[in-house]
Amino acid sequence: MARVFIPTPLRKLVDGMTDVRVPGATLKELIENLESRYPGMRQYLMEEDHLVPGLAAVVDGEATMEGLRQRLDDETEVHFLPAISGGANAEASPKE
Amino acid sequence: MTITDKPAQEYQVIGTRPIRPDGLEKVTGQAIYGADVRLPGMVHGTTLRSPHAHARIISIDTSKATAMPGVLAVITGADMPVAENATVDMGEEEANLNYASDKLMARSKVVYKGHPVAAVAAWDSNTAQEAAKLIEVEYGVLKPVINVDAALAPNAPIVHEDLVGDDLGEKVRSTNLAKHFRHEFGDVEAGFKASSIVIEREFNLATVHQGYIEPQNATALWQSDGRVTIWTSTQGSFGARRATAGVLNMSESKIKVVPCEIGGGFGGKIGIYLEPIAALLSKKCGRPVQLIMDRQSVFDATGPTPGAKVRIKLGADDSGKLLAGTADLRYEAGAYPGSAVGAGAMCVFAPYRIENTRIDGYDVVVNKPKSSAYRAPGATQSSYAMESVVDEVSEALRMDPLEFRLRNATREGDRRADGPEFQRIGNIEVQQAAKESPHWTSELERDGPDGRKRGRGVATGFWFNGGMRSSVNMSVNNDGTVSLIEGSVDIGGTRASISMQAAEALGLPAQDVRPTVVDTESVGYNDVTGGSRTTNASGHAAYNAAQEVIAKMTGRAALLWDLKPEDVEFAEGVFSAKADPELKMTFKEVAAKLNETGGPLNATGSIQARGGAGSFGTHIVDVEVDPDTGKVDIVRYTAVQDAGKAIHPAYVEGQMQGGAAQGIGWALNEEYFMNDQGIMDNSTFLDYRMPTSLDVPMIETIIVEVPNPNHPFGVRGVGETSIIPPVPAISNAIYDALGVRLRQTPMKPSRVLDALRDKQDSA
Chain A
1 MARVFIPTPL RKLVDGMTDV RVPGATLKEL IENLESRYPG MRQYLMEEDH
51 LVPGLAAVVD GEATMEGLRQ RLDDETEVHF LPAISGGANA EASPKE
Chain B
1001 MTITDKPAQE YQVIGTRPIR PDGLEKVTGQ AIYGADVRLP GMVHGTTLRS
1051 PHAHARIISI DTSKATAMPG VLAVITGADM PVAENATVDM GEEEANLNYA
1101 SDKLMARSKV VYKGHPVAAV AAWDSNTAQE AAKLIEVEYG VLKPVINVDA
1151 ALAPNAPIVH EDLVGDDLGE KVRSTNLAKH FRHEFGDVEA GFKASSIVIE
1201 REFNLATVHQ GYIEPQNATA LWQSDGRVTI WTSTQGSFGA RRATAGVLNM
1251 SESKIKVVPC EIGGGFGGKI GIYLEPIAAL LSKKCGRPVQ LIMDRQSVFD
1301 ATGPTPGAKV RIKLGADDSG KLLAGTADLR YEAGAYPGSA VGAGAMCVFA
1351 PYRIENTRID GYDVVVNKPK SSAYRAPGAT QSSYAMESVV DEVSEALRMD
1401 PLEFRLRNAT REGDRRADGP EFQRIGNIEV QQAAKESPHW TSELERDGPD
1451 GRKRGRGVAT GFWFNGGMRS SVNMSVNNDG TVSLIEGSVD IGGTRASISM
1501 QAAEALGLPA QDVRPTVVDT ESVGYNDVTG GSRTTNASGH AAYNAAQEVI
1551 AKMTGRAALL WDLKPEDVEF AEGVFSAKAD PELKMTFKEV AAKLNETGGP
1601 LNATGSIQAR GGAGSFGTHI VDVEVDPDTG KVDIVRYTAV QDAGKAIHPA
1651 YVEGQMQGGA AQGIGWALNE EYFMNDQGIM DNSTFLDYRM PTSLDVPMIE
1701 TIIVEVPNPN HPFGVRGVGE TSIIPPVPAI SNAIYDALGV RLRQTPMKPS
1751 RVLDALRDKQ DSA
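Residue numbers (our numbering), protein chains in the order written: chain A, 1 to 96; chain B, 1001 to 1763.
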């Protein structure tokens, strides 16, 4: 099972643990499994079919460019970190 | 000087210093920069920019401008397509398309001084500029917020009413806080409690600009079939294409971006500014339109690096072991979310093993131009504070500052404070090289002429160095030379560094591989030239293409000898039969037979490269300070950096020296001098004081080579680390000279004098 480091604000969802072991052949499966074990996690990590904007998934020390399709194995280490830049989005649709 | 981690491999090309392939065009003025582009029927455009940093647009009347003779098209925000509210990866930065569009042309509100509100195309630029003056804009001026304290204060003016901030995972509204994140490991409170010394300090950094010589420019032709061609000065033609397509709400495949020669970028030319405006003006007037920024617009309305407020707290025990550290990083994003605070957090504690850490990062929207990448974006801000406090802690413990760093230095297998584990890194090797350097081991004459005081400082920096995507095409010519087609824009000598890797793999002299940088329709996808990734990733792609060339050429040689390809081997540019060593042909000899053995021989190389495994740099600086005027002079400077493998050592040294020179400017002179209305009062190169050759001594370099395990030649990338250490190293040297610590940039004469007066007063 991959070792997932939990972003500090989300550790409240995993009883304060810094990291957990979760199965998943892909990043998407891993997030779905995180959600099933620790409800509430998914919304902070994934929206529709991609990672939330401004978030980078770092897999074995490298920010993945394959997004949710990133393949994982049992020895994989996953971190969810702020993207190099990014930030919040306007909730409203395009401004007029 | 070069120090290698292990005995140097026998390379024929790598490690040599050939003349750069693009040198002749550049020194003879033949290279084509964006402003040199001339097209049949081309007309000229300009933008009308807001004089206010924060204001509602009540009305825009373009009728007088439109009616002016010679004017061909006028556009406003109403002409901008509605962009998707989506984020695109630009390489070393991300862009939200909705905000990217709004940044290029305001619709209902201006949020930084210089924000475009309209654009004009006319037969000539003078007519365009005169017409722009006839556009009547009525503003409802609002109070601006121009630093993080003002932006986060209760009842602060709100830059974007629709911004939904993220405060540790909770949505917040009516705020200028775009994001607050935290990395936490261990128990910092326990770590501080166990420490015998705890020091906490706050630092402020001014906004500074990359200061590239060539202003932003774009020439666009919207063809009658709906396809658009754009000639521009960009660090990433594919990223510029993607962002332009997003803003114009059209398919990427309908846009061709032709990257011109680039007169500097340093991260500031990753984003787009003029491309969609030129395209829309071209669409409206049916002619190619060229826009070129003036220097004031470059300062006012492109992407400087964030101003920041940084607080660092460190605890250590008597043995000099760091036990705990906290960092509070508050970065100005500029007018739209997305500062480099994430990278600042990644780098702040990277050189040090600290078991208990907490980092809080804040991305704060203010009424300044949207910040952009600038050489190791975000790292200089956090490292200035960290390296200054490290200096204070080591002094308090009476330890040599480099000994203290070595005592706590990270190595392979350690974790950064944001979590990921280091691969093989050269942190210790770099610091050891600095400690043993002629500079550090020399005696410093403490008293300079006329009462001036001398001091020595040291600091370390880390940048992660990217990998990402690159593609090249390669074709073998009948004379045995090779054409190498690249999509990576060449800013710092990557034509040479990529083609040299191809030449090494092919066993050819460097000059026999001729590199050409082409447009987005002439080569496969390439990410931005940024993140210190290009020599690593594009060089790796060229290496892969060379392997394909070798395999195909092996087949041709086998055909000539009536052998199977597996019976032929290749080494150092020579094909030979395994069973008969006398049967040999050089690469050139096989190339001369291409037409007889199957015709043209081409190859491609593409890669989604792993990263550079991170690069550390340590700088040593001697300053001389005049206590009467406060002026600081740099009298000696040494930069030490892990390059992994220096492909072209002269360019590696150039990157180390260039980053150091920019860092010296950041430390001593440069700042956006903002008035309380959010207007930059020094938006010219006369008033925005960058160092010249008269301000900077010869910068000595020591290249350390600890190979990157992810790259065939060990390349790590070298473009960015060198800007991180100068600011804290100079601050530490000023302290060493005068006994005062400066915790605000720039450390200009008035601040030095203020610090000396404070010291005298407190005495």
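A hint or two may mislead.
[Unchecked claim] Covered stretches of chain A, as calculated for chain B (at least 3 residues, CB under 8 Å):
#1 41 to 54
#2 68 to 78
[What the hints assert, rightly or not] Straight line, CA to CA, 25 Å or less: simulated SDA-like cross-link-like pairs of lysine to any residue:
#3 K1171/B with T26/A
#4 K1453/B with G1169/B
#5 K28/A with K1453/B
#6 K1171/B with E48/A
#7 K1171/B with L45/A
#8 K12/A with A1086/B
#9 K1584/B with K1759/B
#10 K12/A with T1597/B
#11 K28/A with K1564/B
#12 K1759/B with K1193/B
#13 K12/A with R1173/B
#14 K1193/B with R11/A
#15 K1552/B with S1475/B
#16 K1564/B with T1597/B
#17 K1171/B with D74/A
These aren't lab readings, by the way, just hints derived from the structure by calculation.
For glycine and all other residues, C-beta sits at the position ideal for the given N, C-alpha and C.
Hint-by-hint comparison with the structure:
1. 41 to 54: Holds, because 3 residues of the region 41 to 54 of chain A bring their Cβ atoms closer than 8 Å to Cβ atoms of chain B.
2. 68 to 78: With 1 residues closer than 8 Å to chain B, the region 68 to 78 of chain A misses the three-residue bar; violated.
3. K1171/B with T26/A: Given pair K1171/B, T26/A is violated - Cα atoms ~28 Å apart, limit 25 Å.
4. K1453/B with G1169/B: Violated - the C-alpha atoms of G1169/B and K1453/B are around 50 Å apart, more than 25 Å.
5. K28/A with K1453/B: violated (60 Å)
6. K1171/B with E48/A: Distance ~19 Å between K1171/B and E48/A Cα, so the pair holds.
7. K1171/B with L45/A: holds (14 Å)
8. K12/A with A1086/B: violated (29 Å)
9. K1584/B with K1759/B: violated (77 Å)
10. K12/A with T1597/B: Distance ~68 Å between K12/A and T1597/B Cα, so the pair is violated.
11. K28/A with K1564/B: Violated. K28/A to K1564/B sits at ~46 Å, over the 25 Å cutoff.
12. K1759/B with K1193/B: Since the Cα atoms of K1759/B and K1193/B sit roughly 30 Å apart, the hinted pair is violated (cutoff 25 Å).
13. K12/A with R1173/B: This hinted pair holds, its Cα atoms lying about 23 Å apart.
14. K1193/B with R11/A: holds (24 Å)
15. K1552/B with S1475/B: With a Cα-Cα distance of about 11 Å, the restraint between K1552/B and S1475/B holds, given a limit of 25 Å.
16. K1564/B with T1597/B: holds (14 Å)
17. K1171/B with D74/A: Measuring from Cα to Cα gives roughly 34 Å; hence the hint is violated.
Against the hints set out earlier in the document, violations occur for numbers 2, 3, 4, 5, 8, 9, 10, 11, 12 and 17.
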